[in-house]
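Chain residues, written in single-letter form:
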Amino acid sequence: MKKSILLLIAIVMLSMGSYAQNSCADAIPITAGIHTITQVDGMEIPLPICANNGNGAEYGEWYSYTPTEDYSVTITTEVPNSPVVDTRFHVYIGVCGALVCFSGDDDSGNGLTSTATFNVAQGTTYIIAFDDRWSSAGFNFNLIENIPIENPIEFSTQAIDIMGITGCVVDMNNDQLDDIVSVESNMLRINFQQANAEFVTWDYDHPTVDETPYWSIAAGDFDNNGFCDLLYAGGGATIMMANEDGTAYTEISPGEWIFCQRSNTIDINNDGILDAFVCHDVEPNVYYLHDGEGGFTYYQGGLGDTSDGGNYGSVWVDYDNDCDMDLFIAKCRGGDSDANINQMHRNNGDGTFTEVGETIGLADNIQTWSSAWADYDNDGDMDVLIGASSNTNGSSKLMLNNGNGTFVDITEGSGWDFYTSNSIEWAPGDFNNDGYVDVLGAGKFMLNNGDLTFSQAVAPASSGAIGDLNNDGFLDIVANQLYLNNGNDNNHIKIHLKGNDSNADGIGARITVTSALGTQIRDVRSGEGFSKMSSLTAHFGLGIDTEVQRIDICWPSGMTDVIENPEINTTLVVVEGTFHVGITEANSVENAFDVYPNPASAELYIGSSIDFNKGIATIYDMEGRMVKQTQIENGQINIQELNAGVYVLSISIRGNTYQEKFLKN
Amino acid sequence: MLTLILAVGSCRKEEDIIDPVPVIPESSDVRFDLNEVPYAKLSDYKFFLGEITELNPNERVLPYDVITPLFADYAKKKKFIWMPEGSSASYASDSEILNFPEGTVMIKSFFYDHVLPNDSRKYLETRLIYLKNGEWKFADYIWNEEQTEAYFNLDGAEVPVEWLENGTDNKNVNFRIPAESECFTCHKSNDLAMPIGPKPQNLNRDFEYDEGSMNQLQKWIEYGYLENTLPANIITVVDWQDASQNLTDRVRAYVDINCAHCHRQNSHCSYRDLRFAYSETTDMHNLGVCMEPAEDLGAALTYVVAAGNIERSVMHYRMNTTNPAQRMPLLGRTMIHNEAITLFEEWINSLNPPCP
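Residue numbers (the working numbering), protein chains in the order written: chain X, -17 to 647; chain V, 35 to 390.
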């Protein structure tokens, strides 16, 4: 009896042995070295999917690996003297049935082999699964253990339930948490971020819309009802307007044919109501002025009038620090054409715009579909990385704002001279919260070293919509999956604006944050990069600073708010006007400095025993409206563009504010 | 001239004449005054005699066709050319359009047959491109529902059509009639407008004239429309559907007429490395074989043409999609050209060795 049972057990175990590595439960433990897979035919399909190219696998092969030390591990199917097979693998942590993606790869090796390198921790078990997404043929793989390396920025992957056209991250329901939007022609899906960093998915079914956002998507509260609306740019514009409680969306399709490219929501005529701007590929740009109640009136002309277009990447930015939004257009065109020369349309403050690209040094024919605007050196003015989509007219350029709204090329020596990859998507963001804005483009971060040099670091996606998807204060990326920033110990502050006279999102506002590391500025923008919509909540990394001295906000209406010593590592909600400091109030010191000449017409010089360099100078007109904000350099401020009149100059530095009046003639 | 038109008009009562059907008498000459064109109606040109839907060409309006045509959502086309009396074109090179004389006009009408519900022919638009003061100009005429006239319109439009392709396959389309800016996007080189079709490489074929079949270039010379300065040999595109031809040559012919207007030297998208003109694609790299794509359409698509691997080929993906931001060509089609997909799959599968 016993013998036959033993025999039976032996037979069963033998046959079980041949099923080993065919499922997670039977994963074979391996150590470093080369291993052979004769065929990918295990019944359990590796899930979730941790590499590119989604579903399609029918079989898997499973291994487990438990390092005895901390290592940097490389798994590769590109092995000398081995068959070159189109492989794919996934690396998990967790337990069978509850696996979590940790790493993986499809095509990084030569000949479509797979290679990934990742850090592993002593004693943790990692599950490695190969699949037959492309091929079930046998191959060899190598597991190599190296000294651990630190990636400057690490991300974890999280699967999200999105469909159709993706690329929009924005707070849709006014709870200060960024949500994820995806679009199909008869359905809008919103993944609402919850307080516990999970998502609740809502699908809004609707009749087939005229246009879907296959070129670009933008968002903004068009009717100021507290719920974010959407702008789809396809073969024309379609607006999806949220109802009074965000439970339904109504299509508004004005109907004009437009060969759309980048689109933005922006208050063009400064009436407190967002309008819609759309780049036109082959004609002058178009825009719709909105009446606040769903009436969109079409205009063509006045915001980029090249007769055959070339308009790809529009971004609204206050480049001249006069607190109104100007329009920069990244342009592209083949053949012997002027249509590829970038343009800057300066907002004259009176509803008109003047193209000044040539004057300010940005009229460049680089072939570009988007640019990343940010204050890269924290000196109080917007600089720009012009991102190349093709290098035929030169590769990406870093342009420094001279402080007076003119620009100089500082690419050489910046690290951008060596990063010559191309992309249609270039986006700014402080991804490591060190207080210096980085750039995401062409699959890499260019991390800002704080000295106008940038270093390349691997990014989890070539591009994506950017926001904080788990409310930890670090910027995450939504591409086909959700890439959550693993973060670090740096501090941050986020600022979410609520307009009154200005549009409800504060789009077009300038925010200045002052802390020990210096001053940082953001413009609230709807629609950056080429096609994506990223968060409208302003995000500032603070590095090791433990406090913020003050936040200055200049609203499109001209209203200003000043918040002193706010809480950090949180989202500050600022309602327009609630922190307004009148020019006669303030903890200000008078007679602390002289200004000369007085009256002045071009340069205003500051005479004082106090060192005001690097201080923030804010100039108010006699109605109390801010007309200019800039950082003081060499004890002087350029005031040439101001209209003649009486002004108050308010300087804040090191936590104090000083004021004097002056006359501009 | 005037009396003949009156003779037509006088047979009807005043109140019946709402939209007079133009019937151009046989003795009319083509009307093409460069100082006055474009005219408001297609019939104003008198390009066609009799009923306008017959497209029965007037004197010196010469029909022509190309060897491999542009795919236009399965629309059929009839092409004609007219030049002022006593003028003719001259040869430039096999792969360039002829040097045309001032006043040349090319006329291209788009239509579908077996259009439902009446199983009839339906004309959509007639495009003109003409040479005035040394510059090529566009005009477009959109046909009315009654099919009695076409009216000048360069604003673009969409026309829904449902028809039986080959008399059997039910297809439908929202046919895009281009706005002028769309015409210019494809019909240009270095920002100068120009025709695309009439190059010796495309014209060097036989055409069934009323008088009998003849080589087109020879016909044009005989007709007085082309100077007799052709070289002995003309590098000629193949018929993309000719199964006796080399797969690569068939693909080259197809991409020349469907893609090269935007993807060749001096074109709209010349900042991309692709060079699809027939004269440029003797180099396989210019065709995109083992060329890394400049735009990121997802990690699966590793090369523009991944030799032997359809699933990894950007070109195949873009030809096989209707997504308006990803499809190629970007303008000019909204449907997938299934028959071309078949050719390209055969071609990609035949390529060896695989890309590195």
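No lab work stands behind these hints: they were computed from the structure.
C-beta atoms are modelled at their ideal positions from N, C-alpha and C, and glycine is treated no differently.
Take the hints with a grain of salt, since some may be wrong.
Claimed, not checked - Now the in silico label distances, taken between C-beta atoms and shown as ranges:
1) V:S121 - X:N384: 56 to 64 Å
2) V:S278 - X:E340: 42 to 50 Å
3) X:N468 - V:P387: 39 to 47 Å
4) V:A277 - X:M145: 37 to 45 Å
To be verified - Listed below are several chain X residues computed to face chain V (Cβ distance under 10 Å; list not exhaustive):
5) W197
6) C314
7) T374
8) S405
Unchecked claim - Non-contacting residues of chain X with respect to chain V, defined by C-beta distances greater than 10 Å in every case (computed):
9) T20
10) D89
11) G93
12) L94
13) F100
14) T139
15) D263
16) E265
17) G317
18) N375
19) G397
20) I406
21) S591
22) R607
Hint check results:
1. Range check, V:S121 to X:N384: Cβ separation about 58 Å, and the 56 to 64 Å hint holds.
2. Checked against the hint of 42 to 50 Å, the pair V:S278 and X:E340 fails, with Cβ atoms roughly 57 Å apart.
3. Between X:N468 and V:P387 the beta carbons are some 41 Å apart, a value that agrees with the proposed interval 39 to 47 Å.
4. Roughly 41 Å separates the CB atoms of V:A277 and X:M145, a value that falls within the hinted 37 to 45 Å.
5. Interface hint status for X:W197: upheld, as the beta-carbon distance to the closest one in chain V is roughly 5 Å, under 10 Å.
6. Given hint, X:C314 at the interface with chain V, holds; its Cβ is 7 Å from that chain's nearest Cβ, closer than 10 Å.
7. For X:T374, the suggested interface contact is upheld, since its CB lies about 5 Å from the closest CB of chain V, less than 10 Å.
8. Restraint check, X:S405 versus chain V: the minimum CB separation of about 7 Å is within 10 Å; hint holds.
9. Non-interface status of X:T20 relative to chain V is upheld: no Cβ of that chain comes within 10 Å, the nearest being about 22 Å off.
10. With a cut of 10 Å on Cβ distances, X:D89 falls inside the contact zone with chain V, its closest approach being about 6 Å.
11. Not every Cβ of chain V is farther than 10 Å from the Cβ of X:G93; the closest lies at roughly 7 Å, contradicting the non-interface assignment.
12. Its closest Cβ contact with chain V, about 7 Å, brings X:L94 to no more than 10 Å, contrary to its assignment away from the interface.
13. Distance check for X:F100 against chain V: the nearest CB is about 17 Å away, which clears 10 Å, and the non-interface claim stands.
14. For X:T139, the requirement that its beta carbon stay farther than 10 Å from each beta carbon of chain V is met, with the minimum near 14 Å.
15. The non-interface label for X:D263 is inconsistent with chain V: the shortest C-beta to C-beta separation is roughly 8 Å, within 10 Å.
16. The Cβ of X:E265 does not lie farther than 10 Å from every Cβ of chain V; its closest approach is about 5 Å, which violates its non-interface assignment.
17. Not every CB of chain V is more than 10 Å from the CB of X:G317 (nearest about 5 Å), against its label as outside the interface.
18. A beta-carbon of chain V is positioned within 10 Å of the beta-carbon of X:N375; the least distance is around 7 Å.
19. Distance to chain V confirms X:G397 as a non-interface residue, since its nearest Cβ pair spans about 22 Å, more than 10 Å.
20. With a least beta-carbon separation of about 6 Å from chain V, X:I406 fails to lie farther than 10 Å from that chain, contradicting its non-interface assignment.
21. The Cβ of X:S591 sits about 57 Å from the closest Cβ of chain V, beyond the 10 Å cut-off, so the non-interface label holds.
22. Every Cβ of chain V is farther than 10 Å from the Cβ of X:R607; the closest lies at roughly 41 Å, confirming the non-interface assignment.
Taken one by one, the earlier hints fail for this structure at numbers 2, 10, 11, 12, 15, 16, 17, 18, 20, listed in ascending order.
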